[in-house]
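A.B. asks: Sequence:
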Amino acid sequence: MRAMILAAGLGERLRPHTLKCAKPALPFLNLPLICYPWYHLQKVGASELIVNTHHCADSIKHAVQLFGLSHVQFIHESPLILGSGGGIKNARDDLAGDRHFLVANGDEVLLDPSGVDELWRRHTSEDNLATLLVCQFPGVGTKFGGVWCDPTERVINFGKTPDSEGLVGFHYTGFIALSDRVFDYLPAGQISNILYDGLASGMAKGEVVKVHRAEPYWFETGSEADYLSASQNCLKHLIDGDPQGVFLKELHHHYGRVLFPHGPEMFVGPDCQLDSNISVGGPCLLGQGVSIKPNTILKGFNVIGDGTHIGENCVLENSVIGRGLSIVKNTRINSSLRLT
5 MRAMILAAGL GERLRPHTLK CAKPALPFLN LPLICYPWYH LQKVGASELI
55 VNTHHCADSI KHAVQLFGLS HVQFIHESPL ILGSGGGIKN ARDDLAGDRH
105 FLVANGDEVL LDPSGVDELW RRHTSEDNLA TLLVCQFPGV GTKFGGVWCD
155 PTERVINFGK TPDSEGLVGF HYTGFIALSD RVFDYLPAGQ ISNILYDGLA
205 SGMAKGEVVK VHRAEPYWFE TGSEADYLSA SQNCLKHLID GDPQGVFLKE
255 LHHHYGRVLF PHGPEMFVGP DCQLDSNISV GGPCLLGQGV SIKPNTILKG
305 FNVIGDGTHI GENCVLENSV IGRGLSIVKN TRINSSLRLT
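With the numbering used here as the guide, the letters of the sequence shown map in order to residues 5 to 344.
For the record, the hints were derived by calculation from the structure and aren't laboratory data. C-beta: ideal position from N, C-alpha, C; glycine also. Be aware that a few hints might be false.
So the derived label-pair ranges between C-beta atoms look like this [said to hold, decoys possible]:
id, residue 1, residue 2, range
1, 277, 188, 53 to 63 Å
2, 209, 125, 37 to 47 Å
3, 303, 247, 24 to 34 Å
4, 66, 191, 29 to 39 Å
5, 333, 20, 19 to 29 Å
6, 143, 122, 41 to 51 Å
Below are the BS3-like pairs computed for lysine-lysine, each with C-alpha atoms no more than 27 Å apart in a straight line [claimed, not checked]:
id, residue 1, residue 2
7, 164, 209
8, 333, 297
9, 240, 303
10, 333, 303
11, 65, 47
12, 164, 214
13, 253, 65
14, 214, 147
15, 253, 214
16, 147, 164
17, 297, 240
My request is simple: use the sequences and hints to build the entire structure.
C.D. replies: Spelled out as structure tokens, the structure:
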């Protein structure tokens, strides 16, 4: 089964971090974001992956190679980004051969172990134009546009407001199962949106679009504040060992990332060098080969990338530190995403 990951966006809300790196290649709990949707797609049975690129395409390719994502074909969009609908239409020849296929955004963090599998089974059995994976989420209809459905879970419209009374609004998680009929409703070589252009056009001609509800463990990573909050919440799941934490650990192991418990609130990768005189006051995740010198304090939550060195007398609090960095002694970092 073929699947597609949309990875051509500019990641403007996460600037300056995305100026030289595409958002799906940014680390989230020490794995590139693109690893998260790809894991879901593989679990469902996707054996071939198409990834569209535009901004900082080499960073996407490097992340894919670094973490061993196999059977990946890249389609580069230039000079313009074609949007979600245009990107899918542009990949028509590469997706050909399957009556149905899956598409995911390249930056989605969803800790629902079975949601995408259930989405796929439901979609292929019902043969609708599309089935969207949705969840309850604060801000639908205000901060976010909603997917507005009738009591049978049929989609009536997309947007900030429902078209009629009695509709319920859900948040689109970025995972969608599509029939190949969708290509009939997407203009070739033009910028378009899969929801507002493609599916809306099909619905206007009588096509059925439905939703499947996921567990509400979707995490927003759009801004730096969102990114830090999502990191903190997901790290808590990992430390607590609940079903979402178990899923996270399985995901890391899938990509060859072994996580060793180090005390009650810390997981570490192999080859870490941690001085005995450091203070840990909250959940932490350390990548491979991290070194931390004496008298350093880790407060709140912290994620530290592979090979990063933390000098003496540092204080890190509620922060994410990228891979291969050297934090000099006496540094204070608070509520920060520091990737370079």
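A.B. asks: Indicate, hint by hint, whether the structure satisfies it.
C.D. replies: Here is how each hint holds up against the structure:
1. The supplied range of 53 to 63 Å is met by residue 277 and residue 188, whose beta-carbon atoms lie about 59 Å from each other.
2. Checked against the hint of 37 to 47 Å, the pair residue 209 and residue 125 fails, with Cβ atoms roughly 26 Å apart.
3. Take residue 303 and residue 247: their Cβ atoms lie about 28 Å apart, and the range 24 to 34 Å holds.
4. The hint said 29 to 39 Å for the Cβ distance between residue 66 and residue 191, and at roughly 33 Å that hint holds.
5. One distance hint, 19 to 29 Å for the beta-carbon pair residue 333 and residue 20, holds here, with the actual separation near 26 Å.
6. The hint said 41 to 51 Å for the Cβ distance between residue 143 and residue 122, and at roughly 24 Å that hint is violated.
7. Restraint check: the Cα-Cα separation between residue 164 and residue 209 comes to about 22 Å, which is no more than 27 Å; the hinted pair holds.
8. For the given pair, residue 333 sits about 9 Å from residue 297 by alpha-carbon distance, which is consistent with the 27 Å threshold.
9. With a CA separation close to 14 Å, the supplied pair residue 240 and residue 303 stays within the 27 Å bound.
10. Restraint check for residue 333 and residue 303: the C-alpha separation of about 16 Å stays at or below 27 Å, so the hint holds.
11. A distance of roughly 21 Å separates the Cα atoms of residue 65 and residue 47; the hinted pair therefore holds under the 27 Å criterion.
12. Between residue 164 and residue 214, the direct Cα distance comes to roughly 18 Å. Compliance with the 27 Å bound is thereby established for this hinted pair.
13. With a C-alpha separation of about 24 Å, the suggested pair residue 253 and residue 65 falls inside the 27 Å cut-off, and the hint holds.
14. Among the hinted pairs, residue 214 with residue 147 is consistent with the structure: their alpha-carbon atoms are about 22 Å apart, no more than 27 Å.
15. Restraint check: the Cα-Cα separation between residue 253 and residue 214 comes to about 31 Å, which exceeds 27 Å; the hinted pair is violated.
16. For the hint pairing residue 147 with residue 164, the CA-to-CA distance comes to about 8 Å; that is within 27 Å, so the pair holds.
17. Among the hinted pairs, residue 297 with residue 240 is consistent with the structure: their alpha-carbon atoms are about 25 Å apart, no more than 27 Å.
In terms of the numbered hints stated before, the structure departs from hints 2, 6 and 15, listed from lowest to highest.
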